[in-house]
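Visitor: Okay, here's what each chain looks like letter by letter:
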Amino acid sequence: MSRIGVFVCWCGSNIAGTVDVEKVREEAAKIPGVVSALDYKYMCSDPGQNSLRNIIKEKNLTGIVLAACSPHMHENTFRKAAAKEGLNPYFVEIANIREQVSWVHEDKERATAKAVDLMKMMVEKVKRDRPIEDVRVPLNKKALVIGGGIAGIQAALDIANGGVEVILVEKEPSIGGRMIQLDETFPTLDCSSCIMTPKMVEANQHPNIKLYTYSEVEDISGYIGNFKVKIKKKARSVVEKDCTGCGECWNACPMHKNVKSEFNVNLSERTAIYVPFPQAVPLVPVLDRSVCLHFKKGGKCQKCYDACGPKCINFDLQDEIIEETVGAIVASTGYDLMDTSMYGEYGYGKYKDVISGLQFERLLSASGPTEGVIKRPSDGKTPQTIVFVQCVGSRDPEKGVPYCSKVCCMYTAKHAKLFAHKVHGSQSYVFYIDIRSTSKGYEEFVRGTMEQDGAIYLRGRVSKIYEDEGKLIVKGADTLSGNQVEIAADMVVLATGVIPKKGSDKLAQMLGISYDKYGFFTESHPKLRPAESSTAGIFLAGMAQGPRDIPESVVSGSAAASKILGLFSKNEYEVEGTIANVNEATCVACFYCQRVCAYNAISKKEIKDRSGKLIKVVANVNPGLCTGCGACVNACFSKSIDVKGFMDDQIYAEIKALAV
Amino acid sequence: MKLAYYPGCSLKGTSFEYEVSLLKILEAMNIEIKEIPDWNCCGASAAHSINHNLSVALPARNLAIAEKDGYESVLAPCAACSNRLKNAAYELKNDDILKKKITDSLEMPYDSEMSINNMLEFLIGTVGKDKIKSMVKKPLSGLKVASYYGCLLVRPPKVMQFDDPENPVTMDELVALTGAEPVDYSFKTECCGAINSLSKPDVVMALTGNVLYDIKKHGADLVVVACPLCHSNLDVRQREIERKYDEKLGLPVLFITELLGLSFGIDPKDLAIDGHMVAADRVLKKIEGLANQR
Ligand SMILES: Cc1cc2nc3c(=O)[nH]c(=O)nc-3n(C[C@H](O)[C@H](O)[C@H](O)COP(=O)(O)OP(=O)(O)OC[C@H]3O[C@@H](n4cnc5c(N)ncnc54)[C@H](O)[C@@H]3O)c2cc1C
Ligand code: SF4
Ligand code: SF4
Ligand code: SF4
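So the sequence lines, in the order shown, correspond to chains A and B. The opening position of the first sequence corresponds to residue 3 in our numbering, with each subsequent residue numbered one higher. The opening position of the second sequence corresponds to residue 35 in our numbering, with each subsequent residue numbered one higher.
In case anyone wonders, no lab produced these hints; they're calculated from the structure. Glycine included, C-beta positions come from ideal geometry on N, C-alpha and C. Check the hints yourself; a few may be wrong.
Stated by the list, open to error - Quick list of the computed label-pair ranges, beta carbon to beta carbon: (1) B/GLU69 - A/ALA600: 31 to 41 Å; (2) B/VAL237 - A/TYR520: 32 to 42 Å; (3) A/MET512 - B/LYS68: 36 to 46 Å; (4) B/PHE50 - A/ARG463: 35 to 45 Å; (5) A/TYR520 - B/ASP218: 26 to 36 Å; (6) A/GLN511 - B/VAL237: 51 to 61 Å; (7) B/PHE50 - A/GLU347: 26 to 36 Å; (8) B/ASP218 - A/HIS423: 31 to 41 Å; (9) B/ASP164 - A/GLU347: 24 to 34 Å; (10) A/ASN316 - B/SER168: 56 to 66 Å; (11) B/ASP218 - A/LEU295: 31 to 41 Å; (12) B/ASP218 - A/LYS383: 19 to 29 Å; (13) A/SER516 - B/PRO235: 55 to 65 Å.
Turn these sequences into a full structure, and let the hints steer you where they fit.
Guide: This is the structure:
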């Protein structure tokens, strides 16, 4: 016989202001099986929880209904309190009379009637509750980090320093990401490679980090604690362990024209065998077979091989597949910049001296194509006037994307500042929509660019850029003075919008995590779970989640790492027991459930008799992957799947309670 | 294919040269078009700034007649006309409530997928490059021609669905077919001032002046257009602009149909080239001279 306790919470005036809580309590007391009914100002407070616990003890309750706020808020609180008194926590049910009643209704009488109904439903349900045990999944304490930009490196280092093994997979020949392409960084103007290179080296040398560069994740299966990963290590054509990074090979390579340097954003050329930049980690070249003469001309050229002292160049090396098992994953694949070809009016690609912000970083950088001297790509002259255009592609729902790219206001201010520092007597103009400089020290930084470095900020958009007698004429609006302006510039720098790294949507599909319509990975909760993806065991970091600067990327890398260290601090991972359960006796092996499960949680299981003969095949739920969403329950024709805690008889009882 | 022709008011009046030359080259190519019977104003400039329903109803009536007569495609040589027709078709396709209102008031159904073409789309798409090329009897090689598109042919891009809105090239391709050399310059789609010609001539002279001087700077012998309004601003206002800025231009402004006609070997008089304000004599002489050199 059930012994149910009903607790009606006032939530101050939040509920009691609109719902007659005493009436709800009185109605509860009338229901057969309810042995205790109580109302209280704040059930979640310490005294509230204590009275709950006392009554469980006193009345020897078998089930509890809280008529209170949403289960998202305090279900866990009350379950824990009940568990302390030895009650299975799944015998706690919540009737949500705040979000679903008091906050959305005005008429007290009708709101109270609805609250009573919801409470009655939960009482009928709790009578039919059965104990549920949480599921424990063993953990392989090793982590995979995908993407070796600042966010990924930070995550890898923090995890490794916590004593856990890390596999860091980077697509490019070197780790470092975009940050190593930058010159100096806002707001403190410390040199990017000076602060980045040590981290890259540390990641490479860390005993707990295994680094795979020029590699990509090919396939992932499994679930939290037990992901099976296939990594493709692309053929580098250089035996890494023997290479000294001496550079004889790339100096000998005859292909030093025509191939644009990706690292210098097409502002210089590279050879077929190359390191992307001198501080590359690892300092081992990659032979680009798509342009190498050895591969294009049937083995004719082998100049690099001849030049290499340790003879570590091997044209026959093949792609390698490496398999690893890890317990958790960080996805930190970073960003690309928008292709501005849809801005025909700005002439990017048509006029050589209309460049992107990232190209300007390379012109500023001492390791860049001009060794840090600002020179125009067209004729190598130093520009005296530069126009910077912000929000190119960002905040433009018509042609680009509606969101703000977040870093360009700041890096444009940095660019204008560094231009003033490097070219005395020069003048820069900045076209902007709004200035977004909200972090610590940022507003002061932008002010400094305006006031000390003399950049002229014009609020408005640029309508057209064209060439006239060797100058780039920039036409735009100055909306503050209401005038149209025309500026004759020597160079134009476009702050192009940030988009997710190409292929990140494919990776997300492989990982089974969700992403937004642009391809940025989405968080499990935008505010309260910003480091977690929608899939257990997979964490997010850096620009792959959305535009952010270096400090924020570092913070998110560390956050993902601390989540993983926290996860790995136990030997098993506990999953809520409210997951799908197959009735193997009635399952007819149609596997409709498998087709609808978005989490790949259902597999086929063979049932054999003692002699090993196959009796039947049935659906099997992987507790590590199942989220208890219930899709399979609806798909199953033979009614062989239920989600624990949401069984048919429980739901019917709820509905019937409404009818009475 | 049954081709409907919507001339609009300009081609019957101020820009009669456009119609004359169009009909002439079509005759030469043996292509038949039929004027939409009882056509009415397309609603350009006036209607859409006053009454939205009217601005859709006026062009829609022309389309509905063409649909009833079983045409598959409509040619509207005037850029403003093709812009209004395309706009109306777009709105009717995407707004069922509006469509009901309009067809009710017209007392005519309209449900068409008819393609609506501006002059350039018609020449490149319907007539085709091969056909035009085969017609060129008198190649204009040596002649430098700037194509001016103005705004109405390409904007708004979502509705017009024609060429690259910032850097259109269709007219340049047609120019190249005649053997002439297309001139690249910066103001292909810059506003000419359009209808302000009557109310604010100063604005028009400044804007049109920008375009013309830029064309001149890039060494063109003449300008071609596919819009009567562009034509009148560039041609009719040219003398005034020269006086105002005290710098000679002397740039004849021809319709693309006239240029094609010349390359087909049609007599300039039959193309009504003598109907323009800026005399094309020098250019015509240059063409003759070039032809004689060969
Ligand atoms: C012009 C410009 C100037 C800037 N200046 C500043 C500044 O001064 N200060 C500041 O704070 N911020 C600045 N930023 C922002 C800064 O670049 C980013 O905040 C930071 O680089 C983000 O790091 P990340 O690791 O998230 O991404 P990334 O740097 O993009 O790194 C991602 C890494 O993942 C790798 N990867 C991608 N896909 C895969 C895959 N499928 N498999 C394996 N590896 C993969 C990539 O190759 C890359 O190495 C600037 C940005 C720009 C565009
Ligand atoms: S020459 Fe040999 S050792 Fe030197 S960088 Fe090239 S591959 Fe490495
Ligand atoms: S950060 Fe500034 S420049 Fe960049 S998109 Fe946002 S508002 Fe525009
Ligand atoms: S409840 Fe959802 S996640 Fe679990 S097996 Fe069924 S469909 Fe998959």
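Visitor: For each hint, tell me whether it holds in the structure or not.
Guide: Status of each hint after checking the structure:
Look at B/GLU69 against A/ALA600: about 59 Å separates their beta carbons, and that is not inside 31 to 41 Å. Between B/VAL237 and A/TYR520 the Cβ separation comes to about 41 Å, which falls inside the hinted range of 32 to 42 Å. Range check, A/MET512 to B/LYS68: about 58 Å between beta-carbon atoms, so the 36 to 46 Å window is missed. The hinted window of 35 to 45 Å between B/PHE50 and A/ARG463 holds, with their beta carbons roughly 41 Å apart.
Distance hint check for A/TYR520 and B/ASP218: the Cβ-Cβ separation is about 35 Å, which falls inside the suggested range of 26 to 36 Å. In this structure the supplied range 51 to 61 Å holds for A/GLN511 paired with B/VAL237, their Cβ-Cβ distance being about 54 Å. Taken as a hint, the range 26 to 36 Å holds for the pair B/PHE50 and A/GLU347, whose Cβ atoms sit roughly 35 Å apart. A hinted range of 31 to 41 Å holds for the C-beta pair B/ASP218 and A/HIS423, which are about 37 Å apart.
Taken as a hint, the range 24 to 34 Å holds for the pair B/ASP164 and A/GLU347, whose Cβ atoms sit roughly 33 Å apart. Taking the beta carbon of each, A/ASN316 and B/SER168 are about 59 Å apart, inside 56 to 66 Å as hinted. Roughly 37 Å separates the CB atoms of B/ASP218 and A/LEU295, a value that falls within the hinted 31 to 41 Å. Between B/ASP218 and A/LYS383 the CB atoms are about 23 Å apart, so this pair conforms to the stated range of 19 to 29 Å.
Between A/SER516 and B/PRO235, the C-beta spacing of about 59 Å keeps the proposed range 55 to 65 Å intact.
When held up to the earlier numbered hints, the structure conflicts with 1 and 3 and fits the remainder.
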